[in-house]
Structures are given as C-alpha cells and as structure tokens.
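> Below, each chain spelled out in residue letters.
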Amino acid sequence: DGGITQSPKYLFRKEGQNVTLSCEQNLNHDAMYWYRQDPGQGLRLIYYSQIVNDFQKGDIAEGYSVSREKKESFPLTVTSAQKNPTAFYLCATTSPGENEQFFGPGTRLTVL
Amino acid sequence: QQPVQSPQAVILREGEDAVINCSSSKALYSVHWYRQKHGEAPIFLMILLKGGEQKGHDKISASFNEKKQQSSLYLTASQLSYSGTYFCGTGTSGTYKYIFGTGTRLKVLA
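Residue numbers (the numbering used here), protein chains in the order written: chain A, 1 to 112; chain B, 1 to 110.
In case anyone wonders, no lab produced these hints; they're calculated from the structure. Just so it is clear, the structure is predicted and the values come from calculations on it, not from any experiment. Glycine residues also receive a C-beta, built at the ideal position from the N, C-alpha and C atoms. Just so you know, not all the hints are guaranteed correct.
Stated by the list, open to error - Computed spacing ranges between beta-carbons, pair by pair:
no. : chain 1 : residue 1 : chain 2 : residue 2 : range
1   : A       : 39        : B       : 29        : 23 to 31 Å
2   : A       : 95        : B       : 7         : 24 to 32 Å
3   : A       : 11        : B       : 51        : 38 to 46 Å
4   : A       : 112       : B       : 51        : 45 to 53 Å
5   : A       : 62        : B       : 51        : 32 to 40 Å
6   : A       : 17        : B       : 25        : 38 to 46 Å
7   : A       : 62        : B       : 1         : 14 to 22 Å
Work the whole structure out from these sequences, hints included.
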C-alpha cells in the first residue's frame, strides 16, 4: 500500500522545547513538502525538498528546520524560536508530471 | 503571490449549485482543486493545465480561463458530502514550489 505516514497524530510539548514531526512516504516521489494550517485558515508552505540532501524555504520557514537524508523521509523540527507553534502540520508529496499534492494525515501540535 | 478565492464562505441547501473562484494577478502554471474536511488532510479533486480548459466528473467541474489567471469550480446539485473547505493550488514553472489559495468554506444544509 503506497502512501504517506505522519506520526504522531497528536503531540503535546512544553513551551521552549524543540519537537520533531515525522513524515515518511513509499510513493517513490522526489518532492516533499511541509505545510502549516491554523484553525479556519489556509495552508502555508514551510519548507520543500525536490531531491535528497536539498531543500528550500517556503513562505514561513522561520523557527523551523528540516532534513532530507533519504528519499522516503522528510522530518520537520519545530524549534523554540517558533513563536506560536500550535497548529496542524501537513506533509505532502508531488507526483511526477502533473504535480498534484498527496497529503499525509497530519500532526496536530499543541504547545502548552 | 497567493491566489485569492471567492467567496470566502457559502451556505447552500441540498440540491443547490455553487461556484468557487480562484484568481491570480499573474498567469498560473496550472491549477489544482482540493477539498478538505474538518480535521483531515486535503483531497485532490482535479487539475487544469491549459488556458480555456474545462473538465469535470459527476456533478463537480472546473474551468481555467484563456489567460490562465482565473479558475472556477462548479458544484452542481450539491450534496451534504460536499461540505468542507475548497482550495485551489498551483505550482511554479521551473521550481517545485507550490502554494494554495485562500480557501472557501462551503456548508451544505439538509
């Protein structure tokens, strides 16, 4: 079964702690993305990666970091520098050619 | 530049029709439409690549104008299952950057 997995589904952290959100895919897609969604709002691009060992900042990269050491994995770290990290985080990949986005189920992060 | 969607929200009765628009100040490389249910990930609906293109399946269709600066999503004879937030999305020619429109919340009432 091909797909994208994100874990955990819900995550609680204390203010000031770094936290890493997992994203794994077995679709063999090259490009991967991280989006942030606040309640009632749209999706904002945090980081994207076209290929292993390469990634670019999106529109709201401050306070976040990523790595892309393997094609299948694109973890996102929410650092203590992110002022308001509580949000719904979505990982996505892009199919070759038509570029539509395939999403994982998301991780809802709450910082207490 | 983020595409702007209109209306921001719409409430319908079952069986009524709706149109959601996605506008950009620059020509879009392509346009994709998604629907997101509350608390879930967006689901891809359809893609339009060429100016003047129209496509659809069942009671949901979309168009892309000749200048590729506006796309519209048409929901015909709406069903309760159509409720959710609709987003247009677009890639960027020459890069893998992808952005979404501002979103339209649609609620269908029985």
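> Need the list of violated hint numbers for this structure, in ascending order.
Violated: none.
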